[in-house]
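Q: The lines below spell out each chain.
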Amino acid sequence: QKEVEQNSGPLSVPEGAIASLNCTYSDRVSQSFFWYRQYSGKSPELIMSIYSNGDKEDGRFTAQLNKASQYVSLLIRDSQPSDSATYLCAVDSGGGADGLTFGKGTHLIIQP
Amino acid sequence: AAGVIQSPRHLIKEKRETATLKCYPIPRHDTVYWYQQGPGQDPQFLISFYEKMQSDKGSIPDRFSAQQFSDYHSELNMSSLELGDSALYFCASSLQKETLYEQYFGPGTRLTVT
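From first to last, the protein sequence lines stand for chains A and V.
Counting from 1 along the first sequence, just add 89 to a position and that's the residue number in the numbering used here.
Counting from 1 along the second sequence, just add 42 to a position and that's the residue number in the numbering used here.
Source of the hints: derived by calculation from the structure; they are not laboratory data.
Even for Gly, the Cβ is constructed at its ideal location relative to N, Cα and C.
Careful, some of the hints might be misleading.
[Claimed, not checked] Among the chain V residues that face chain A by a calculated CB cut under 7 angstroms, a handful are:
id	residue
1	52
2	81
3	90
4	100
5	101
6	104
7	113
8	114
9	147
10	149
11	150
[Claimed, not checked] Here are the simulated lysine-lysine pairs, BS3-like style, with alpha carbons at most 25 angstroms apart:
id	chain 1	residue 1	chain 2	residue 2
12	A	193	A	145
13	V	57	A	91
14	A	193	A	91
15	V	64	A	131
16	A	131	V	55
17	V	139	A	156
18	V	94	V	55
19	A	145	V	139
20	V	94	V	57
21	V	64	V	94
22	V	99	V	139
23	A	193	V	139
24	A	91	A	156
25	A	156	A	193
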């Protein structure tokens, strides 16, 4: 049974600060890792993908992957009120057309 | 840029009725996935198709079936609807070789079973 664990929050961060979101996964053969942002009642929006150990940066977002520790994180720099949303960590174990296993999401609140 | 299209956006059905949800993937995308998201829950994978063949199967009830057509659009057929089927249903698409399995989600269909 594949499991993806996230702290449900809410995580409250002041505007302009760095928000740090964490995720652990159980399946060691997992190969692809994704972060989605979801506003209430809307669809998940892909914001980062990462496949190799280390850091990957895209604008204000940095994803970090440590396969030995089975750990994925997302850093959001210069947090904005519009970043307030639920962030879903998702894992794809086999590649190809496999479905994603999602964590339950972390509710992030950016305080103006 | 073109996105995933889902129809209808809202659907109200009664118990024991049937429903058909449609998904039109991003142009050139060859893989379609279906997810179910209940209130306050994370998306649960149902089923996927690659090049019109079923590729992976998740927690899809036997009452549900799906297929991908020659134009790559997909339909999710749901029969003998139950109250617990009320949820958001998302379709996602990807292009296997070029986008490294990144899945892009459509706006969803909100199904309410009364």
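Q: Please go over all the hints and tell whether each is borne out by the structure.
A: To see whether the hints hold, each was checked on the structure:
Given hint, residue 52 of chain V at the interface with chain A, is violated; its Cβ is 12 angstroms from that chain's nearest Cβ, farther than 7 angstroms. Taken as an interface hint, residue 81 of chain V does not check out: its beta carbon lies about 10 angstroms from the nearest beta carbon of chain A, beyond 7 angstroms. Interface hint at residue 90 of chain V: satisfied, since its Cβ lies 5 angstroms from the closest Cβ of chain A, which is below the 7 angstroms cut-off. Hint on residue 100 of chain V holds. Least Cβ distance to chain A is approximately 5 angstroms, under the 7 angstroms limit.
For residue 101 of chain V, the shortest C-beta to C-beta distance to chain A is roughly 9 angstroms, which exceeds 7 angstroms, and the interface hint is violated. Residue-level restraint check for residue 104 of chain V is violated (minimum Cβ-Cβ distance to chain A is 17 angstroms; threshold 7 angstroms). The closest approach between the C-beta of residue 113 of chain V and any C-beta of chain A is roughly 18 angstroms, which is over the 7 angstroms cut-off, so the hint fails. For residue 114 of chain V, the suggested interface contact is broken, since its CB lies about 13 angstroms from the closest CB of chain A, more than 7 angstroms.
Satisfaction of the interface hint for residue 147 of chain V is found here, the shortest Cβ-Cβ separation to chain A being roughly 4 angstroms, below the 7 angstroms cut-off. Hint status for residue 149 of chain V relative to chain A: holds, with the closest Cβ pair at about 5 angstroms, below 7 angstroms. Taken as an interface hint, residue 150 of chain V checks out: its beta carbon lies about 5 angstroms from the nearest beta carbon of chain A, inside 7 angstroms. Note on residue 193 of chain A and residue 145 of chain A: the hinted pairing holds, with a Cα-Cα distance of about 23 angstroms set against a maximum of 25 angstroms.
As the CA atoms of residue 57 of chain V and residue 91 of chain A are separated by approximately 32 angstroms, the hinted pair breaks the 25 angstroms bound. Between residue 193 of chain A and residue 91 of chain A the CA atoms are separated by roughly 13 angstroms; this keeps the pair inside 25 angstroms, and the hint holds. Of the pairs offered as hints, the one joining residue 64 of chain V and residue 131 of chain A holds, with about 18 angstroms between alpha carbons and a cut-off of 25 angstroms not exceeded. Using a Cα cut-off of 25 angstroms, the hinted pair residue 131 of chain A and residue 55 of chain V holds, with the two alpha carbons roughly 21 angstroms apart.
Restraint check for residue 139 of chain V and residue 156 of chain A: the C-alpha separation of about 23 angstroms stays at or below 25 angstroms, so the hint holds. With a CA separation close to 28 angstroms, the supplied pair residue 94 of chain V and residue 55 of chain V exceeds the 25 angstroms bound. At most 25 angstroms may separate the alpha-carbon atoms for a hinted pair to count; residue 145 of chain A and residue 139 of chain V meet this at roughly 20 angstroms. For the proposed pair residue 94 of chain V and residue 57 of chain V, the alpha carbon gap of about 30 angstroms is over 25 angstroms, so the pair is violated.
For the suggested pair residue 64 of chain V and residue 94 of chain V, the alpha carbons sit about 15 angstroms apart, so the restraint of at most 25 angstroms is met. Pair hint residue 99 of chain V plus residue 139 of chain V holds up; C-alpha atoms about 21 angstroms apart against a cutoff of 25 angstroms. For a cut-off of 25 angstroms, the pair hint linking residue 193 of chain A to residue 139 of chain V is broken: about 28 angstroms separates their Cα positions. Under the criterion of a C-alpha separation no larger than 25 angstroms, the hint pairing residue 91 of chain A with residue 156 of chain A is consistent with the structure, at around 15 angstroms.
For the suggested pair residue 156 of chain A and residue 193 of chain A, the alpha carbons sit about 20 angstroms apart, so the restraint of at most 25 angstroms is met.
This entry does not satisfy hints 1, 2, 5, 6, 7, 8, 13, 18, 20 and 23, going by the numbered hints stated previously.
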